[in-house]
Amino acid sequence: MTNAAIADAAVGTEPASYLEAGHTLISWLTTTDHKRIAILYAISITLFFFIGGIAIAMVRLELMTPHGLFLTSDAYNRLFSLHGIIMVWFFLVPSIPATMGNFLLPLMIGAHDVAFPRLNLLSWYLYVFGAAFTVYALLSGGVDTGWTFYTPLSTNYATGYVIAAAAGVFVVGFSSIATGVNFIATIHMLRAPGLTWFRLPLFVWGMYTVSMVMVLATPVLAMSLLLVIAERAFGLPIFDAARGGDPVLFQHMFWFYSHPAVYIMILPAMGVVSEVIPCFARRAIFGYTFMVYALIAIAVIGFMVWGHHMFVAGQSPLANLVFSFLSFIVAVPSAIKVFNWTATLHRGQITFEAPMLYALGFVGLFTIGGLTGLFLASVPIDIHATDTYFVIAHFHFIMVGGTVSAYMAGLHFWWPKVTGRMYSEAWARFAAITTFLGFNATFMPQFVMGWDGMPRRYHYYPDVFQAWHVMSSVGALILAVAYVLPLIYFGWSLIYGRRAPANPWNATGLEWQTSSPPPKENFLRLPRVEVEPYAYSDTDQVSGANNRMPVRAQGETA
Amino acid sequence: MSDAVTALREPWPDLDRQREGVSVGIWLFIASEVLFFGALFLGYTVYRTLYPEAFRIAGAQTDVFYGGVNLLLLLTSSVTMTFGVDASRQERRRTTLVCLGLTMLLGTAFLIFKGFEYSADIAKGLFPGAHFPLQPPQTQLFWAFYWVMTAVHAVHLAVGVGVVGVFALILWRRLLPIESPGMLGVATYWHFVDTVWIILFPLLYLVGRS
Amino acid sequence: MTTDSFMTAASDYASEVDNTFWVLVTISGLITLLVASLIAGFSLRYRRGSSARRGPLPERFGHEVEIGWTMATLFLFLFIFWWAASNQLSALDVPSNALEVHVVAKQWMWRVQQPGGAREINEIHILENQPIRLVMTSEDVIHSLFLPTMRLKQDVLPGRYTFLWFTATKTGVFHLTCAEYCGTDHSVMAGRLVVMTAPDYARWTSAQPEADDLAHQGEALFFALGCSGCHAPTSSIHAPDLRGIYGHAVPLADGRIVTADEPYLRDSILLPEKDIVAGYAPIMPSFRGAVSEDDLVKLIAYLKSLSTARTLPSRQAGEDEVPTGAQ
Numbered sequence: 001m002t003n004a005a006i007a008d009a010a011v012g013t014e015p016a017s018y019l020e021a022g023h024t025l026i027s028w029l030t031t032t033d034h035k036r037i038a039i040l041y042a043i044s045i046t047l048f049f050f051i052g053g054i055a056i057a058m059v060r061l062e063l064m065t066p067h068g069l070f071l072t073s074d075a076y077n078r079l080f081s082l083h084g085i086i087m088v089w090f091f092l093v094p095s096i097p098a099t100m101g102n103f104l105l106p107l108m109i110g111a112h113d114v115a116f117p118r119l120n121l122l123s124w125y126l127y128v129f130g131a132a133f134t135v136y137a138l139l140s141g142g143v144d145t146g147w148t149f150y151t152p153l154s155t156n157y158a159t160g161y162v163i164a165a166a167a168g169v170f171v172v173g174f175s176s177i178a179t180g181v182n183f184i185a186t187i188h189m190l191r192a193p194g195l196t197w198f199r200l201p202l203f204v205w206g207m208y209t210v211s212m213v214m215v216l217a218t219p220v221l222a223m224s225l226l227l228v229i230a231e232r233a234f235g236l237p238i239f240d241a242a243r244g245g246d247p248v249l250f251q252h253m254f255w256f257y258s259h260p261a262v263y264i265m266i267l268p269a270m271g272v273v274s275e276v277i278p279c280f281a282r283r284a285i286f287g288y289t290f291m292v293y294a295l296i297a298i299a300v301i302g303f304m305v306w307g308h309h310m311f312v313a314g315q316s317p318l319a320n321l322v323f324s325f326l327s328f329i330v331a332v333p334s335a336i337k338v339f340n341w342t343a344t345l346h347r348g349q350i351t352f353e354a355p356m357l358y359a360l361g362f363v364g365l366f367t368i369g370g371l372t373g374l375f376l377a378s379v380p381i382d383i384h385a386t387d388t389y390f391v392i393a394h395f396h397f398i399m400v401g402g403t404v405s406a407y408m409a410g411l412h413f414w415w416p417k418v419t420g421r422m423y424s425e426a427w428a429r430f431a432a433i434t435t436f437l438g439f440n441a442t443f444m445p446q447f448v449m450g451w452d453g454m455p456r457r458y459h460y461y462p463d464v465f466q467a468w469h470v471m472s473s474v475g476a477l478i479l480a481v482a483y484v485l486p487l488i489y490f491g492w493s494l495i496y497g498r499r500a501p502a503n504p505w506n507a508t509g510l511e512w513q514t515s516s517p518p519p520k521e522n523f524l525r526l527p528r529v530e531v532e533p534y535a536y537s538d539t540d541q542v543s544g545a546n547n548r549m550p551v552r553a554q555g556e557t558a
Numbered sequence: 001m002s003d004a005v006t007a008l009r010e011p012w013p014d015l016d017r018q019r020e021g022v023s024v025g026i027w028l029f030i031a032s033e034v035l036f037f038g039a040l041f042l043g044y045t046v047y048r049t050l051y052p053e054a055f056r057i058a059g060a061q062t063d064v065f066y067g068g069v070n071l072l073l074l075l076t077s078s079v080t081m082t083f084g085v086d087a088s089r090q091e092r093r094r095t096t097l098v099c100l101g102l103t104m105l106l107g108t109a110f111l112i113f114k115g116f117e118y119s120a121d122i123a124k125g126l127f128p129g130a131h132f133p134l135q136p137p138q139t140q141l142f143w144a145f146y147w148v149m150t151a152v153h154a155v156h157l158a159v160g161v162g163v164v165g166v167f168a169l170i171l172w173r174r175l176l177p178i179e180s181p182g183m184l185g186v187a188t189y190w191h192f193v194d195t196v197w198i199i200l201f202p203l204l205y206l207v208g209r210s
Numbered sequence: 001m002t003t004d005s006f007m008t009a010a011s012d013y014a015s016e017v018d019n020t021f022w023v024l025v026t027i028s029g030l031i032t033l034l035v036a037s038l039i040a041g042f043s044l045r046y047r048r049g050s051s052a053r054r055g056p057l058p059e060r061f062g063h064e065v066e067i068g069w070t071m072a073t074l075f076l077f078l079f080i081f082w083w084a085a086s087n088q089l090s091a092l093d094v095p096s097n098a099l100e101v102h103v104v105a106k107q108w109m110w111r112v113q114q115p116g117g118a119r120e121i122n123e124i125h126i127l128e129n130q131p132i133r134l135v136m137t138s139e140d141v142i143h144s145l146f147l148p149t150m151r152l153k154q155d156v157l158p159g160r161y162t163f164l165w166f167t168a169t170k171t172g173v174f175h176l177t178c179a180e181y182c183g184t185d186h187s188v189m190a191g192r193l194v195v196m197t198a199p200d201y202a203r204w205t206s207a208q209p210e211a212d213d214l215a216h217q218g219e220a221l222f223f224a225l226g227c228s229g230c231h232a233p234t235s236s237i238h239a240p241d242l243r244g245i246y247g248h249a250v251p252l253a254d255g256r257i258v259t260a261d262e263p264y265l266r267d268s269i270l271l272p273e274k275d276i277v278a279g280y281a282p283i284m285p286s287f288r289g290a291v292s293e294d295d296l297v298k299l300i301a302y303l304k305s306l307s308t309a310r311t312l313p314s315r316q317a318g319e320d321e322v323p324t325g326a327q
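Protein chains in written order, with my numbering: chain A, 1 to 558; chain B, 1 to 210; chain C, 1 to 327.
Extracted from the complex, chain A is given alone in its bound form (with noise of 0.2 Å):
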């Protein structure tokens, strides 16, 4: 096909891109190329972060007041749990590896397609086979289960959909380790001549580990969830105390899998924040064999601390101090990563394009976010904290101040590259500031009242609690403003952006030695890899950029 393209071609004409090739809707949905397989993630997880951004903006909107303003409890119940299950299995999990992964990886190694191009397509379709069922439970009336499904209230008392939600769920799962496959077969065997594991992009080693934890802990998910269903629709006993049943063991075994679940949600966030800002701070990162350690670490060690989601769940004092100690140990190599962004920083030539806000931004919320995560992993304060708003606010400081603020750097520092438009950068910039704005009103009032004793789950609440809850509220509709935002000046720049060039950023990295956006095949000549990554300088010319359109070569093998 390759060879084909290049024989056919007249010399001297523009390489289709791979927007291009094949206009119908059936060309999109039977595609194979990785990139336009990026965009059909890309549309399907836009839809459902707005899906469960409208269920929580109705939850916040009720929580104005005490005593409820429009909701029953039970509509409240479902509305708090489905905004979980689908902002973390339908939003976040896919997030960047499934849109920014996929577009990228093969280019950033210099391939032309992932390993297995028909796994991939296939596995955005288990993706929508899974939202199908979530959408089913959810236009049904919904689960009331939280998004953690303990038993044994979701086998045996909840009211709601938990079998079509837990199905979802499960099938969801499946698209998420096709696409781990992937990647690790991907990374392992078509990288460029010349690209040695140690000068790949930070990005791609995000991608490597992200992938390995999919593959290996999502099929713990999907195998306590399968015993939940089975429990519910047949009555068996295994996690029914009243048979010897233990209901504790499916926190156990779903822990097992969502605590590295965060870590596949963080995971590609700090590899798209380690390409953005060396671009922007135009400087290498500073300290890649560590940062790359460092994403090896957080991804083994996450596989150890599950229990402690668990505290309080009625597991031994020593339990609690090995998953205690094991918490903290984990946080060391977080750490690190923060120091070595910072110091990227440091006799940079700084620019304050959208991205670099958006990742300084990711710095500055991931620490908070962080830091806060000593404070759970300490028995005592946990035990306080524990199911109270203070842990929302947490994983909300990782998760959304984290990984959607390093998703907005990614979005708006490949939008060229991907789509061939620039954006506004005035409203993008006006965008970075009013989510980091509204971000902290919405969440850092949660840690207050969480510390004071405000319980998580909560339809009705004590009075005490009403100015912080009112504040919390407030700052979701900025926020919420502030995510409407880029769908509007991103939907403008499709017709009237200014055409962008290969490399607008004059970054580094081999996707930005292919024309924007890229030809089907990605590379007319592959490339070969002789520089160590992040090859930034003084001078604004990175060495070895090619802005103009890439050469053909005569005679070139694939």
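No lab work stands behind these hints: they were computed from the structure.
Derived CB-CB ranges, DEER-like: (1) A:425 <-> B:14: 37 to 47 Å; (2) A:426 <-> C:36: 21 to 31 Å; (3) A:128 <-> C:115: 56 to 66 Å; (4) B:91 <-> C:74: 54 to 64 Å; (5) A:474 <-> C:15: 30 to 40 Å; (6) C:95 <-> B:135: 39 to 49 Å; (7) C:65 <-> A:537: 18 to 28 Å; (8) C:83 <-> B:20: 45 to 55 Å; (9) C:75 <-> B:8: 53 to 63 Å.
Since we're looking at a predicted model, the values are computed, not measured.
Ideal Cβ positions, reconstructed from N, Cα and C, are used throughout, including at glycine.
With chain A held as given, fit chains B and C onto it using these hints.
Then chains B and C, alone, in the frame of chain A:
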């Protein structure tokens, strides 16, 4: 025409690399399956440790004959599959297809026997619930794991039979050459499903029978 | 309810937890300030076009600094772990004079049984400066008893007992709430922890409806349910003697030796085949379905009372008369 049909597909630069890639991919998938079944084995182990006597009472009710026959069927099917892989590497078309066919047959026979075994189990009332015939109640835990473990395994086996069948069809219709890298992937999956049964057999059929 | 009913530290342990909390807030605040000022500072000083000095850093500077701050971080985090862990460990020993209060959680209320027999719904009345040990179980789903002013919570599980102990040092009315999502009315499954001075507590106790204490009620059940038929010393059935059983070491048929605590006693009644006592046949029937959680509380209280000098009254198998005035 077979020399024009190539197994090489995008984005692989050459067939050797593609073969290796298929191997990497299938083993990663097997790793995820190990964790999938592993969670189930963990649950079984926890409860067997807590209630050894109940597991002994419950385990005595499984049918060793069915379990043993099924074990032999799957072991044999792994042998036929291995012969198939060998034949495929040597580009021996008829042998490959025959071996794939036999593998499918043996796998299907397993599923048929399993069906008979299930109806016998149900006739004895051995499904957890209000009318479960054994005491104490923890015996229902063993049987819950019996049903879930064998059902999940059976689903994997059925998928395996389907995949082997489709692959054999593709080879027969010459859509791929006989030495296609996919053969290794199919075989590895099949051996995995067989291995799971090798582990399940003592856990479900040899408990309480020492 | 005022803010005090949530936020005040009503025990010495709660104050220690608050100390740890504020130490952590201070450390986190300093680190956040450090990172934020470095980012802001570098962004300002090294913005494009500024006159600050650029150029590469010396190679050794990179490695030494990296190892340095890695070790510093590790030691800081291990210090925090050690500080928190010592707090946790010192809180593990339950004082022997702790008063036991039984709590049964169900959707969506808390049923409380005082040792003296008084029953409460959604309220626990206790004496100040008296160690209290809550023995808790659930009738349905997992709940969690949260006492914010004690800085304590513990999940309450079906089929198991979980425990919480504390000593209130402040009197007042404090919040008590469910902290594990348990269904529709999770957010209104709240109540009050009422800590009283001695005179007030005495007054409250005497105002409670007349009731036998738990051990007496348990004794009545012990005969009504037929337990004495096998466990009385004169019974012809070979069953373990229950005198002094609570807290005793019990040798089991599989070779283990376990302590007869509340979970053991509960399991012996509901799952008698789980831990067979050495030298006895597994013939005890299960009483699941015949005893409620409240009944179990009373039976266990009775069995615990047998660890005093009382002897098990000898009765013929089949007699179910409640002993009057027995002491």
